[in-house]
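Visitor: Following the hints, complete the assembly by docking chains B and C onto the known chain A.
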Amino acid sequence: MNGLGSLALYLVVVVAIVGFIMVLTHLLGERHSQRGTAVPYESGIFPTGSARIRFPSDFYLVAMFFVVFDVAAVYLFAWAVAARELGWAGYAAILVFSLETIAGLAYLWKMGAFDWGARRKREHLERHGY
Amino acid sequence: MNPVLFAIALVFGILFFAAFVIWIERRFLALVQERYGPNRVGPLGLVQVIADIIKILTKENWIPPFADKGVFVIAPMIIMVTVLASFAVIPLGPGIVASDLDVGLLFFLAMSSLAVYSVALAGWASNSKFALLGGIRAVGQMVSYEVFMGISLLGVVLQTGSFSLVAIIEAQRRLWFCVPQFVGFVVFFIAGLAETRRIPFDLPEAESELVAGYHTEYSGFKFAMFYLGEYVGITLISSMIVVLFFGGWLGPWLPPFLWFVVKTLFFVVVFVLIRGSLPRPRYDQLIGFGWKLMFPLALANLVATGGIVLALAR
Amino acid sequence: MAEHSEVLRELEGRFGTGTIQVQETKDGMPTAWVSSEQLREVLGHLKTSSGGSYPLLYDLTAIDERNRKHREGQPPSDFTVVYQLQSFERNEELRIKVALQGERPSAPSVTGIWKNANFYEREVYDMFGLGFEGHPNLSRILMPPWWEGHPLRKEHPARGTELGPFVMDEAEQERQLEMLRFRPEDWGMKSQAEGHEYFFVNIGPQHPSAHGVLRVVAQMDGEVVVDLVPEIGFHHRGAEKMGERQSWHTFIPYTDRIDYLAGSMNNFPYLLSVEKLAGIEVPPRGKVIRILMAELFRVISHLVYYGTFSQDVGQMSPVFYMFNDREKGFDIVEAITGGRMHPGWFRIGGVAMDLPEGWDSMVRGFIKYMRRRLKDYDAAIMRNRLFQARTKGIGALSLDEAIEWGATGHFLRACGLEWDLRKKRPYGGYETFEFDIPTASHGDSYDRLLIHVEEMHQSLRIMEQCLANMPAGPYKSDHPLAVPPRKDGTMQDIETLINHFLGVSWGPVIPAGEASVTVEATKGNNSYYLVSDGGTTSYRTRIRTPCFAHVQMTPVMSRGLTISDLVVILGSVDYVLADVDR
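Protein chains in written order, with this note's numbering: chain A, 1 to 130; chain B, 1 to 314; chain C, 1 to 582.
Take these hints with a grain of salt, some might be off.
[To be verified] Derived contacts from chain A toward chain C, CB cut-off under 7 angstroms, selection only: (1) S43; (2) F46; (3) G49.
[Claimed, not checked] Computed cross-link-like contacts, DSSO-like style, restricted to lysine-lysine with a CA-CA straight-line distance of at most 30 angstroms: (4) C/K375 - C/K328; (5) B/K292 - C/K392; (6) A/K110 - C/K392; (7) C/K26 - C/K69; (8) C/K368 - C/K328; (9) C/K190 - C/K115; (10) C/K424 - C/K47; (11) A/K110 - B/K292; (12) C/K368 - C/K423.
Source of the hints: derived by calculation from the structure; they are not laboratory data. Every residue, glycine too, gets a C-beta built ideally from N, C-alpha and C.
Chain A on its own, in the form it takes in the complex:
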């Protein structure tokens, strides 16, 4: 049993079973509707404003780091599997590449991009006069 064929088969089985369970519970479950059913949970109080809100860019930054460094990681993957064939020349290249990655990381670190904590918050608060 190897190759993509068996993988595809397995995936079909997985999706089918998960889908079957969902249908089953849909058929077996009760139905009800009461007052309060249609209100999102917020500690038992009617919420103020919806949850469709813009979020601070800190979260977006993390996503950007992922994109940047995961793309970097792709090269490492390619090298790792063929390291023996590529020899010391490949190793030198990857060493330089790693150092550059670390340099980028160090730069972000110094910029405070990973410091969600105190400093940014203080600044934020001072800006708003708290």
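Guide: Just chains B and C now, with coordinates in the frame of chain A:
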């Protein structure tokens, strides 16, 4: 064996094992915490989880009117599908594997990346503030730990020269990779905790902060999907640790499959004990820990391993 | 009039004789009446005066005087607002009163002098309908916004049966829920600023780390808490109003439930005040038994705090361990009193019963067991680096801030002020015990926990001394007002029989007067300010609880931190909603 039957047997086997893991967790945590845990349904309370599953199957399949309905339903299915799918490439014994993919390791990483969608979409589709916060935390956390989770495994790939999990196990006949790749093992273990969103990395569902985080609005079997998904995830990470660092099915005396199960159970218990002891870091500490410590560590391990492997190969 | 205390002489000297009218009280606390016009000036002077200042507004409350008969030596007043101040330098408290006339009079607000006056003035407004000129947001605080009337006014009914049948249909429920919805405009909050979009999230009343039914509404910018509004009152049961209806004796079990984690500890300040009014002296054995129980309950209450705090930080197991330990403590309480959480066991003049046989071995075993367990918890929690990273520096307060906001107990000690009433102003027999006052220096969440842990050790030490030095003799005073009189006497003469009958059916008649005694309770300073009009019930029962002040401080501690920090801070405050709302 018929491949379809094998696939079905494998999926149900995993689900059954995950249910067993739930029982282990409840009994072990109880042991740690000076209480009994489930001990009434069946011998040693073993049937409790089965009873719970049957009960929850008959609960309302509720879709909140304020939610994004399609996404709300699909989100819990994604996590189940991705963690179950990952098992396709994991060899449980010699020849016992759904698909011996030559890029098995990459497939595992791809699937675990996809799992992020599940929690992110669940948090977003719920249209509830606690869920949204949980979802966003989950994305930041899983995406950050994803990066060095992959890199931490490259030392193993370097030593084996293959992405195939069967090849990786075979390469450990002489020495388990947990010795030369100890750093890689530690980093992967921590990343694995984060990927399964377990204490101390349970920030997306941090009960004391976000009520239930991204699955606040979920109930019935859709909630159970997240819940079961977590335990299938624990099983998955445990078996990956066993495959990559602890010689998979290799071992004396016992049949290979049994070795695999025993080793996996060991790590499941470690997961449980960690849950019983550690508090949870704050979000910025979590992100800082990942990027400032784990990421450079994984990279350094890779570079060092590369140098040693090349030096020995001469 | 007897000797004025030093501070009152100073006040007279400063503001001229005749402006200050001195009142004698049973508790000996300097008490002075000032006019409404001079109030702010006098209080401002007292807060900052160089010669022994009163920096802490300990309590602010009111008395509805309209039905009161015994007001000898007091200026005419319909409603009296009472300010109780605390001086650390002089180790003295001071009571300032303002007489107000009319149905719904107003007093000047002192929110400009003390920040913590905010909640207290809202409470007085809510309970008495008095106005405070200059208060930023005078709205209901304990009663729900739809409530009609002001409960502590004498014309407000005390029982549900006097209010007419209770009706709650769906429309009414909807209306009330709608009134509870948070409206940022009411609090001067904006939903956006400079490209930031804020959202408002209700944390509580039904939230895992609200520790009961506290509601805090957080203005959030992503994970960051921009501002916070604590909303209380969900646990309000009208304990002060009940105090006006229950006899002096039958109110004791109600006090157990004020800080419901601290059981008998709550009886202490109430009974000390009653005994001061009646002039009852508790015999030595009674005193030591009371201290034993109070310290046992201090350990029990701190255990809940310790466990739930670590759970707020994300640790799952300690709360189970500590609830088990607490059960062991309750086993002793049960053996001694028959009750567990709320034994209602102290009595006017002593305690209800003598200690049972074998109490000492149980207590000895508990002390030994707890010491071992506390050592384990040090390793699992206090020395856990992740735990420290989450709590150190979080929710830090300076000593000045803490005093400004009316903080007491562990808050002051965490800021480095060595202040414990058991030592500074020993009550109920504490002067004979040896123990230390733990202090810390940062005033943050970790230090507050540190104080609690150390206090448990000290409590065990005190319990050990109770074991070693339990005096013989009666456990209860035989003062005629300490009810009920000795039963055997009733068989001998008619006077004792009559007294017994009255004492049991009506309860004792406590002489008219005012008294307030403060104790170092588990969560800060707790006192009962009792006004007797010479009847079988209290005329006014004011319960000053520490948590009320501490909950008000949560915004100061958590602005600018994340929601995770907010949960840590809430956990570190050590509040019980029953104690906040009463």
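Visitor: Taken at face value, is the distance from the CA of C/K69 to the CA of C/K26 at most 30 angstroms?
Guide: The hint holds at about 17 angstroms.
Visitor: Taking the least C-beta to C-beta distance, is A/G49 closer than 7 angstroms to chain C?
Guide: Nearest chain C Cβ about 6 angstroms off; hint holds.
Visitor: Decide if the proposed pair is consistent with the structure: C/K190 and C/K115, CA atoms, cutoff 30 angstroms inclusive.
Guide: Roughly 23 angstroms separates the two Cα atoms, so the pair holds.
Visitor: For the pair we were handed, B/K292 and C/K392, check the Cα-Cα distance against 30 angstroms.
Guide: holds, 21 angstroms
Visitor: Given the hinted pair A/K110 and C/K392, is their Cα-Cα distance within 30 angstroms?
Guide: holds, 24 angstroms
Visitor: Take the shortest C-beta to C-beta distance between A/F46 and chain C; is it under 7 angstroms?
Guide: With a minimum Cβ separation of about 4 angstroms from chain C (threshold 7 angstroms), the hint on A/F46 holds.
Visitor: Hinted pair, alpha-carbon criterion (30 angstroms max): C/K368, C/K328. Please report holds or violated.
Guide: holds, 12 angstroms
Visitor: Hinted pair, alpha-carbon criterion (30 angstroms max): C/K424, C/K47. Please report holds or violated.
Guide: Given pair C/K424, C/K47 holds - Cα atoms ~21 angstroms apart, limit 30 angstroms.
Visitor: Does the interface hint hold: is A/S43 within less than 7 angstroms of chain C, judged Cβ to Cβ?
Guide: holds, 4 angstroms
Visitor: For C/K368 and C/K423, compute the direct alpha-carbon distance and say whether it is at most 30 angstroms.
Guide: OK: C/K368 and C/K423 at ~25 angstroms, within 30 angstroms.
Visitor: Starting from C/K375, check that the Cα of C/K328 is at most 30 angstroms away, please.
Guide: holds, 17 angstroms
Visitor: Compare the distance between the alpha carbons of A/K110 and B/K292 with 30 angstroms, and conclude whether the hinted pair is satisfied.
Guide: Measuring from Cα to Cα gives roughly 11 angstroms; hence the hint holds.
Going through the hint list in order, the structure satisfies each hint without exception.
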